[in-house]
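Novice: Heads up: the protein sequence lines correspond to chains A and B, in order.
Each residue of the first sequence is one higher than the last, beginning at 1 in my numbering.
Each residue of the second sequence is one higher than the last, beginning at 1 in my numbering.
Source of the hints: derived by calculation from the structure; they are not laboratory data.
Treat the numbers as computed from the prediction; the structure is a model and nothing was measured.
Heads up, the beta-carbon is just placed ideally off N, CA and C, and yes, glycines get one too.
Keep in mind that a hint or two might mislead.
Said to hold, decoys possible - Across the chosen pairs, the derived CB separations fall in these ranges:
| no. | chain 1 | residue 1 | chain 2 | residue 2 | range |
| --- | --- | --- | --- | --- | --- |
| 1 | B | E218 | A | K56 | 52 to 62 Å |
| 2 | A | G175 | B | W126 | 34 to 44 Å |
| 3 | B | S96 | A | L50 | 41 to 51 Å |
| 4 | A | K139 | B | K240 | 29 to 39 Å |
| 5 | A | M1 | B | Q55 | 51 to 61 Å |
| 6 | A | K139 | B | E133 | 30 to 40 Å |
| 7 | A | K56 | B | E161 | 53 to 63 Å |
| 8 | A | R117 | B | P99 | 39 to 49 Å |
| 9 | B | K225 | A | R117 | 35 to 45 Å |
| 10 | A | E87 | B | W283 | 41 to 51 Å |
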Amino acid sequence: MEYRLNLPVGAEEIEKIKAGDVLYITGTMVTARDEAHKMAIEKYDAGEELPLDFSKVAVYHCGPIVRKVDDKWEVVAAGPTTSSRMEIFEYDFIKRFGTRIIVGKGGMGKRTAEACREFKAVYTAFTGGAAVLAADAIKRIKDVFWLEELGMPEALWVMEVENFGPLTVTIDSHGRNLTEEVKEEARKVAERIF
Amino acid sequence: MKEKISDAIADLLGRAVIDLPEDVENALKRAMEQEEGAAKTQLMAILKNVELARQQKKPMCQDTGTPTFYVKAGIDFPYLDILEEAIVEGVRKATSRIPLRPNAVDVLTGKNSGDNTGRFIPYINWEMVEGDECIITAMPKGGGSENMSTLRMLKPGVGIEGVKKFVVEWMVEAAGNPCPPTTVGVGIGGGADIAMKLAKKALLRKIGERHENEIIAEMEEELLKAINSTGIGAMGLGGKTTVLDVHIEVAHRHPASLPVAIAVQCWANRRKSMKIDKEGKIWNID
């Protein structure tokens with residue numbers, strides 16, 4: 001199935017989505033890599049206020065190339081980074097903030113799949129390396145937070161996106177994890193070959 | 001002349017990061033036609049991205065790689081003395097002109113040099129040949145696929161079957177991480193360093209180009225089929241094409257060692273070449 005979603009989305013909409021479905025999202029998406037995940041969780045736990053509501057946006061594992069043209073930020077290239085690095089943070093992140101859509105590449109593990117099932121979220125894969133395709137769907141940069149503290153690749157870049165995709169759902173809210181299933185099957189095949 | 005060569009190097013790197021080689025693009029198209037579902041979606045996105053990069057003259061991937069060069073220099077080539085400096089300067093020019101992402105970080109301080117140059121970077125692989133011409137190939141290689149490269153010192157007793165098993169199992173564990181469909185270079189024999197050099201150099205071959213030795217060529221075909229039969233597929237989402245090709249290079253080994261190196265290249269198998277003659281005339285050879 002293919003879905004065109006306008007953000008924010010509720011739990012009900014997320015529950016309709018199955019592993020293998022393709023999404024195109026329109027609305028607000030924010031980049032967050034290792035450091036931003038860590039900082040958001042720490043600030044939340046310390047009772048500090050966060051610069052945005054992560055439940056209303058899609059979270060994108062991405063360290064973009066951005067440049068300032070006439071005082072406005074512009075995206076040059078913004079492909080996804082390897083999501084497995086965020087595996088140690090994602091359960092705690094989803095639990096605290098109620099994020100419904102995570103975007104990255106390469107798939108994620110057991111803990112993230114658990115969070116997706118418990119708190120009704122999906123993990124989706126954007127095509128690795130497809131930086132120009134991604135940049136074309138990013139209409140503008142609305143804001144940036146933690147730029148001074150974390151630097152360009154790790155900052156929270158708040159983007160307005162239009163039909164951002166194709167995003168293949170690899171973890172749904174029903175406990176399926178497509179990339180893990182593929183790998184498990186591949187191991188069995190490899191064992192038989194030589 | 002140094003100025004002219006460094007400008008040509010900047011152009012060469014620019015062409016490499018923007019324009020995917022025809023043989024790679026054709027292999028991706030063939031793969032796309034055979035696939036369905038998630039794998040087809042991924043391959044269509046890759047091909048569309050390749051086209052957009054060319055149209056908009058932008059790098060096809062935000063990771064514009066570690067600048068790596070292969071130089072075949074004729075012993076009578078008159079500009080040997082300035083070549084290294086010209087390549088380094090060309091990398092600096094390309095970084096600001098295209099632009100490239102600065103990817104050279106000091107291992108001790110963690111500081112990014114900002115211009116893609118630093119200690120041993122750009123890395124130049126020199127090969128001296130007869131003649132008065134020089135061929136330079138740029139291979140900007142991304143970090144995601146490089147992280148999936150590896151070396152194992154196998155026990156010679158496991159034989160060639162053990163080598164094949166190791167390569168297939170490794171590519172299964174790498175799964176979607178190196179951005180498949182990948183191209184895999186395998187270096188067997190020599191010592192640890194020689195095997196890795198051979199593995200990476202094997203990536204310079206075009207898709208479908210077999211080793212001149214018939215037995216090695218057969219092994220390439222066998223590994224290509226074996227890895228693809230595991231079903232990892234484009235981006236690890238399942239599918240028929242996990243690798244576009246497998247290229248093997250070998251060296252005689254020590255009786256006690258069986259080194260096997262694997263160099264993984266992402267779908268963005270970027271490489272472009274140019275030639276300089278003794279008059280300083282430069283042209284592209286792809």
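Novice: Evaluate each hint against the coordinates.
Specialist: Hint check results:
1. E218(B) <-> K56(A): 52 to 62 Å: holds, 57 Å
2. G175(A) <-> W126(B): 34 to 44 Å: Violated: the Cβ-Cβ distance is about 54 Å, outside 34 to 44 Å.
3. S96(B) <-> L50(A): 41 to 51 Å: At 36 Å between Cβs, range violated.
4. K139(A) <-> K240(B): 29 to 39 Å: Given about 35 Å between the Cβ atoms, the range holds.
5. M1(A) <-> Q55(B): 51 to 61 Å: Since M1(A) and Q55(B) have Cβ atoms about 31 Å apart, the given range 51 to 61 Å is violated.
6. K139(A) <-> E133(B): 30 to 40 Å: violated, 49 Å
7. K56(A) <-> E161(B): 53 to 63 Å: Holds: the Cβ-Cβ distance is about 55 Å, inside 53 to 63 Å.
8. R117(A) <-> P99(B): 39 to 49 Å: Given range 39 to 49 Å: holds, Cβ gap about 42 Å.
9. K225(B) <-> R117(A): 35 to 45 Å: At roughly 37 Å between Cβ atoms, R117(A) and K225(B) fall inside 35 to 45 Å, so the hint holds.
10. E87(A) <-> W283(B): 41 to 51 Å: Cβ of E87(A) to Cβ of W283(B): about 48 Å, so the range 41 to 51 Å holds.
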